[in-house]
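Protein chains: 4
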Amino acid sequence: MIYFNCDYNEGAHEKIMQQLLLTNMEQTAGYGCDEYCSRAKQLILEECKAPYAEVHFLTGGTQTNATVIAAALRPHMGVLAADGAHINVHETGAVEAGGHKVLTLKAKEGKISAKQVGNACLAHINDEAHEHMVRPGMVYISQPTELGTLYSLKELTELAEACNKYHLLLYADGARLGYGLASPENDVTLADMARLCDVFYIGGTKVGALFGEAVVITNDTLKEDFRYIIKQQGAMLAKGRLLGIQFQTLFKDGLYMEISRHAIALAEKIRAALRDKKIPFYVENSTNQIFPILSDKVLDILGKDYVLEYQARIDDTHSAVRICTSWATGEEAVEKLCHDLTDLL
Amino acid sequence: MIYFNCDYNEGAHEKIMQQLLLTNMEQTAGYGCDEYCSRAKQLILEECKAPYAEVHFLTGGTQTNATVIAAALRPHMGVLAADGAHINVHETGAVEAGGHKVLTLKAKEGKISAKQVGNACLAHINDEAHEHMVRPGMVYISQPTELGTLYSLKELTELAEACNKYHLLLYADGARLGYGLASPENDVTLADMARLCDVFYIGGTKVGALFGEAVVITNDTLKEDFRYIIKQQGAMLAKGRLLGIQFQTLFKDGLYMEISRHAIALAEKIRAALRDKKIPFYVENSTNQIFPILSDKVLDILGKDYVLEYQARIDDTHSAVRICTSWATGEEAVEKLCHDLTDLL
Amino acid sequence: MIYFNCDYNEGAHEKIMQQLLLTNMEQTAGYGCDEYCSRAKQLILEECKAPYAEVHFLTGGTQTNATVIAAALRPHMGVLAADGAHINVHETGAVEAGGHKVLTLKAKEGKISAKQVGNACLAHINDEAHEHMVRPGMVYISQPTELGTLYSLKELTELAEACNKYHLLLYADGARLGYGLASPENDVTLADMARLCDVFYIGGTKVGALFGEAVVITNDTLKEDFRYIIKQQGAMLAKGRLLGIQFQTLFKDGLYMEISRHAIALAEKIRAALRDKKIPFYVENSTNQIFPILSDKVLDILGKDYVLEYQARIDDTHSAVRICTSWATGEEAVEKLCHDLTDLL
Amino acid sequence: MIYFNCDYNEGAHEKIMQQLLLTNMEQTAGYGCDEYCSRAKQLILEECKAPYAEVHFLTGGTQTNATVIAAALRPHMGVLAADGAHINVHETGAVEAGGHKVLTLKAKEGKISAKQVGNACLAHINDEAHEHMVRPGMVYISQPTELGTLYSLKELTELAEACNKYHLLLYADGARLGYGLASPENDVTLADMARLCDVFYIGGTKVGALFGEAVVITNDTLKEDFRYIIKQQGAMLAKGRLLGIQFQTLFKDGLYMEISRHAIALAEKIRAALRDKKIPFYVENSTNQIFPILSDKVLDILGKDYVLEYQARIDDTHSAVRICTSWATGEEAVEKLCHDLTDLL
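Protein chains in written order, with this note's numbering: chain A, 1 to 345; chain X, 1 to 345; chain Z, 1 to 345; chain Y, 1 to 345.
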């Protein structure tokens, strides 16, 4: 079986494994206070063109979201997010367990707009009973979104302006950020992210690392005591250097972008094969997740060789599925899939 | 100005004030362990025909909801509720502050159905990623709802069956329960509530008391240590007898139902006056809240003498407003309003 | 039986009951946005000589403590408090339920010192692992303390200085503040409290009211959105005017101090009777709580006519008990008690 | 510099690194639902002689403690623990952030006794105000303790009996469990742990793994929905197989015990060198942490070559320090240290 269902089926990029091996018996300070973390942070800040920012390494996405939100909000504040946002749907209520409500906005292809944010804030402010309601304190977006779509620089800039206007923090979940940055349609750089967001994270787990997310904090208020919150959330890795070593490897000599482009190139091949056969898509995007709508018959046959992920039922005989590529996806696997798709469709 | 905007504009029924005065300098045990509380509980259990149940007195609705939900759910569980439910919209995220997500269902005239509950549970169970999602652990309804509508005995029975089937607790917020019980359309008794719900509360604040809600717990598991949770939630009144005295008065000689019927009779008069003039309603109901759709012009004129509550904008020249009657509403006030409405419309 | 066990055995001062009766059928805005609350706040701010401060009314002490602490601290911060502090021992973990640790200091006669606070902060700062420890964010004291002792103006000033130095908020729980202010040994005024504390509350429940505590916030940061937190904590009374009416009555024409002095005068009588007989005290103080150490034999006999509160076992044949006076204590009850004590001892 | 300050200065045992490399590009299911996790669980259950138990893998200790406690306790319950317990001192209030109070007992050499547990429970039950106090719901111990001491089988059995008697869960933090099991003084087996505890964890981070703790749950109630809580706590690793692979390696062919014995043998050498010179110990123990009391002069000289951890100030010229050995400690490093100690002392 070949797994195309998600982008975390394998271990880590071989260069990371080499570095982990090479440094394995070195003795370093714990909890991220080692030299590897320092250098990795430096490399990331350079890419972000944000020397004033802070970087922290955490292990996984849900943990990172819970930590950032706990650090950022007072108890009566909530997070504006797309209805399909990861924090709203797939984190077993970690945000609520931390005491905060997710205030959902109806997303369009996974995205929310500055206008929706502004309207939500105005509605709150203008409601006589607003003290009886959760106050919006943050906007959470994913770049790329759960559906693989991207905020354009214009959209992101407008969101940042709305956040400034209504005193909200802007937080971007970049679990798949590499695949967004590498997309042919993308016009947002890491430096833009750092300039426009109060905090965002650069995903490692899905982009070449064994695990790990790099949180970049540009907002001074949020920097204060952030490491206490990391520890409280059970998110401070004893051997923190494991994260430093991984991110140092990813951000040295452009590896992060190189492997992201690899995934995007393969995704484009699969997309082209599907387009050739006029297969419709559940949502159009240009990142590493592809959402074709296929017939049950085709899916049955594909299911013998490939693991795809069910996304949504479309009609009596069709479903949308998710096909993911990643840093680890092999050319041959993609060629075989394209070949089989062409044959089948 | 005459206030028709809500049902908590005045103090308490005169009989309650008399009892409070009469007992004022008596010395009793604190924290609800006094004789007045005991007797009030007894009277309530008799009305509920539920000798096996437990009664606890709390001060207000948000506090009661937060306490019941905290006592009932494990951390990963959420509460299924109407999207317009008080706990979802008007409690400043108290449920989330307690760590739990409100899982919203699209309500129809304020109500949710057993079918919606069943579908939500099935969707949860059948989702491969259900461990990544909040598990439904309770159904929260209001009787009457925020929009003054009522669950019929059939609907309530079906909800209770769905809850049994999917291992959910059924909790009814009865902030205005008296006005539901007194409605001409109602077919649910207090005994039905006790039989069908795992826990519900009988509202005092809006039905004759200075403050106070009587929580009736029928589910044995939920009874355990409930007073610890009350205390932890800051909801254990030092002079608990104040609640006992009030509820004893309300449940002696049928006062609770008598004053509820008074409110309903007056609401019916206002409704009749509006119907006479073919005024449409935002939602039809038979309890103490009336939601007529009136023109801006009419609302402007009414606004000189009456305080009504804005509910929703309907079109460019019309809004729905809320008119409430209560145990405290005077006949003359209602007659004046009906007269003015008839004149104006 | 005559209850001397605590100071919340009766209802409210008769003037409060009269005002509640008098205003009972008035219609006012809800949630503390009425004229009675405004006037009560004004009166309190005048007594505090703190026109810049904010006043909020809540129902009870545990609720007030939980609300103030939730509003004040970020998640990784804890509250320094005496080991016997109410928040540490008698609130069923309400502070922890809100996410914060109580960091205990060994109290001396119920009190903690500026030096202890400073040492705790220094120990935290100097510990290399301080990010792994709860950061002190607030000092909680009671004035008077649980043991009826008082912070002198000098002690309170030193605490405030230590708090400034180490960036801590100073919060005083004044559940029995009136009895402190009225004590012959006291040298701290309400204006001192307002000047030295970031936030404190003036207790009503134990000093003449049916219920109610008036929170005075002088720190600007803490003022922000405080009403949201009140609502979230289930502490916003629908008929908020009940609190306004009570505090307006207490702070008009000096009633609060008058009834507090009454309690203190009676306490002094009981103390004198005990001193006459050379009865030792568990702790010496000058407020409304008296802690004599009595023999089992004496306690047995007293137990037939009086309810006292057990405090601590002293030796094989003696226990310390608590005798409370209050605004409601009658002269005759005290005379009878003094007489019986004199006879017995 | 040679680090003897803690037991997590290096990466992982070479066999673990080999397995991670070997399996790196395999595709597996995520979130711990892979074959490596299954096999690792099987191996652990066999060692525990507890086929009925459940095993879950988490990343670190604080995370594991927070998850277990969140899963186990209702909101009003607290955890009885030694005053020096890791959850009380070094987890930035993670337990409190989850809503629960740590109820401390004065430890003797890091340990608490069944008698102390019983007394705490009796004191709670017998206090008239127990509903105003946090109810003990769990006993937390560390095996070995923070001070490297061990509970004997007799002590552990008595604790388990006290827990049964008072309806408490018994939870053992086994961050350094291997070093306890390998100690010459130890008489507690893994099977004893499984038989006597409701839940405990077998530490990997400090015993050969890059990271990872294996939670063993024997109590049926606690098993329910545990994975939801893991996810909610941000503790579910996307590439869960990393944990499975590590624990499979550790529990195959006795590697876990073998490397633990290595650490203990080296610790014994250091202890012997210190004893030879009549150096006193801050606490006597037989595991991998050694706490000698050394003079400032000696510590200064040692500080040029070795990193030790400060433990406590003993007198004007002496401090206790911690010297740790681990699976990774080299023979030569220990020989050099022993040699230098012998020279210096």
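Check each hint, because a few of them may be wrong.
With a cut-off of at most 27 Å between alpha-carbon atoms, the simulated BS3-like pairs for lysine-lysine come out as follows [claimed, not checked]:
hint: 1; chain 1: Y; residue 1: K154; chain 2: Z; residue 2: K115
hint: 2; chain 1: X; residue 1: K252; chain 2: X; residue 2: K15
hint: 3; chain 1: Z; residue 1: K108; chain 2: Z; residue 2: K165
hint: 4; chain 1: A; residue 1: K108; chain 2: X; residue 2: K223
hint: 5; chain 1: A; residue 1: K297; chain 2: A; residue 2: K278
hint: 6; chain 1: Z; residue 1: K15; chain 2: X; residue 2: K15
hint: 7; chain 1: Y; residue 1: K106; chain 2: A; residue 2: K15
hint: 8; chain 1: X; residue 1: K277; chain 2: X; residue 2: K252
hint: 9; chain 1: X; residue 1: K223; chain 2: Y; residue 2: K15
hint: 10; chain 1: X; residue 1: K115; chain 2: X; residue 2: K269
hint: 11; chain 1: Y; residue 1: K106; chain 2: Z; residue 2: K108
hint: 12; chain 1: Z; residue 1: K15; chain 2: Z; residue 2: K49
hint: 13; chain 1: Z; residue 1: K108; chain 2: Y; residue 2: K108
hint: 14; chain 1: X; residue 1: K115; chain 2: A; residue 2: K106
hint: 15; chain 1: Z; residue 1: K106; chain 2: Y; residue 2: K108
hint: 16; chain 1: X; residue 1: K108; chain 2: A; residue 2: K108
hint: 17; chain 1: Y; residue 1: K154; chain 2: Y; residue 2: K165
hint: 18; chain 1: Z; residue 1: K277; chain 2: Z; residue 2: K304
hint: 19; chain 1: X; residue 1: K223; chain 2: Y; residue 2: K106
hint: 20; chain 1: X; residue 1: K304; chain 2: X; residue 2: K277
hint: 21; chain 1: Z; residue 1: K106; chain 2: Y; residue 2: K106
hint: 22; chain 1: X; residue 1: K336; chain 2: X; residue 2: K304
hint: 23; chain 1: Z; residue 1: K15; chain 2: A; residue 2: K165
hint: 24; chain 1: A; residue 1: K106; chain 2: X; residue 2: K108
hint: 25; chain 1: A; residue 1: K277; chain 2: A; residue 2: K336
hint: 26; chain 1: A; residue 1: K115; chain 2: X; residue 2: K106
hint: 27; chain 1: X; residue 1: K106; chain 2: A; residue 2: K106
hint: 28; chain 1: A; residue 1: K223; chain 2: Z; residue 2: K15
hint: 29; chain 1: X; residue 1: K278; chain 2: X; residue 2: K252
hint: 30; chain 1: Y; residue 1: K115; chain 2: Z; residue 2: K106
hint: 31; chain 1: X; residue 1: K165; chain 2: Y; residue 2: K154
hint: 32; chain 1: A; residue 1: K277; chain 2: A; residue 2: K297
hint: 33; chain 1: A; residue 1: K223; chain 2: Z; residue 2: K106
hint: 34; chain 1: A; residue 1: K165; chain 2: A; residue 2: K252
Using C-beta positions, here's what the derived DEER-type ranges look like [what the hints assert, rightly or not]:
hint: 35; chain 1: A; residue 1: D192; chain 2: Z; residue 2: K108; range: 55 to 63 Å
hint: 36; chain 1: A; residue 1: D192; chain 2: Y; residue 2: D253; range: 29 to 37 Å
hint: 37; chain 1: X; residue 1: I125; chain 2: Y; residue 2: L153; range: 54 to 62 Å
Hint data in this document are derived by calculation from the structure and do not stem from the laboratory. For clarity, every value in this text was computed on a predicted model and none was experimentally measured. From the three backbone atoms N, C-alpha and C, an ideal C-beta is built for every residue, glycine too.
Here's how the hints hold up against the structure:
1. K154(Y) x K115(Z): violated, 43 Å
2. K252(X) x K15(X): holds, 11 Å
3. K108(Z) x K165(Z): Holds, at about 23 Å.
4. K108(A) x K223(X): violated, 45 Å
5. K297(A) x K278(A): holds, 17 Å
6. K15(Z) x K15(X): holds, 19 Å
7. K106(Y) x K15(A): violated, 50 Å
8. K277(X) x K252(X): Violated, at roughly 40 Å.
9. K223(X) x K15(Y): It is violated: about 53 Å lies between the C-alpha atoms, which goes past 27 Å.
10. K115(X) x K269(X): violated, 35 Å
11. K106(Y) x K108(Z): holds, 19 Å
12. K15(Z) x K49(Z): At roughly 25 Å apart (the allowed maximum being 27 Å), K49(Z) and K15(Z) satisfy the hint.
13. K108(Z) x K108(Y): Holds. K108(Z) to K108(Y) sits at ~24 Å (cutoff 27 Å).
14. K115(X) x K106(A): This hinted pair holds, its Cα atoms lying about 24 Å apart.
15. K106(Z) x K108(Y): holds, 19 Å
16. K108(X) x K108(A): Holds, because 25 Å separates the two Cα atoms, which is no more than 27 Å.
17. K154(Y) x K165(Y): Cα-Cα ~16 Å, so holds.
18. K277(Z) x K304(Z): Holds - the C-alpha atoms of K304(Z) and K277(Z) are around 21 Å apart, at most 27 Å.
19. K223(X) x K106(Y): violated, 33 Å
20. K304(X) x K277(X): holds, 21 Å
21. K106(Z) x K106(Y): Answer holds: K106(Z) to K106(Y) is near 14 Å, not above 27 Å.
22. K336(X) x K304(X): holds, 13 Å
23. K15(Z) x K165(A): Violated, because 50 Å separates the two Cα atoms, which is more than 27 Å.
24. K106(A) x K108(X): Judged against 27 Å, a Cα distance of about 19 Å means the pair holds.
25. K277(A) x K336(A): Judged against 27 Å, a Cα distance of about 16 Å means the pair holds.
26. K115(A) x K106(X): holds, 24 Å
27. K106(X) x K106(A): Holds - the C-alpha atoms of K106(A) and K106(X) are around 14 Å apart, at most 27 Å.
28. K223(A) x K15(Z): violated, 53 Å
29. K278(X) x K252(X): violated, 40 Å
30. K115(Y) x K106(Z): holds, 24 Å
31. K165(X) x K154(Y): violated, 46 Å
32. K277(A) x K297(A): Holds, because 16 Å separates the two Cα atoms, which is no more than 27 Å.
33. K223(A) x K106(Z): Cα-Cα ~33 Å, so violated.
34. K165(A) x K252(A): Between K165(A) and K252(A) the Cα gap is close to 37 Å, so the pair fails against 27 Å, i.e. violated.
35. D192(A) x K108(Z): 55 to 63 Å: For K108(Z) against D192(A), whose Cβ atoms are near 59 Å apart, the range 55 to 63 Å holds.
36. D192(A) x D253(Y): 29 to 37 Å: Violated, since D192(A) and D253(Y) (Cβ atoms, about 53 Å apart) do not stay within the stated range.
37. I125(X) x L153(Y): 54 to 62 Å: violated, 43 Å
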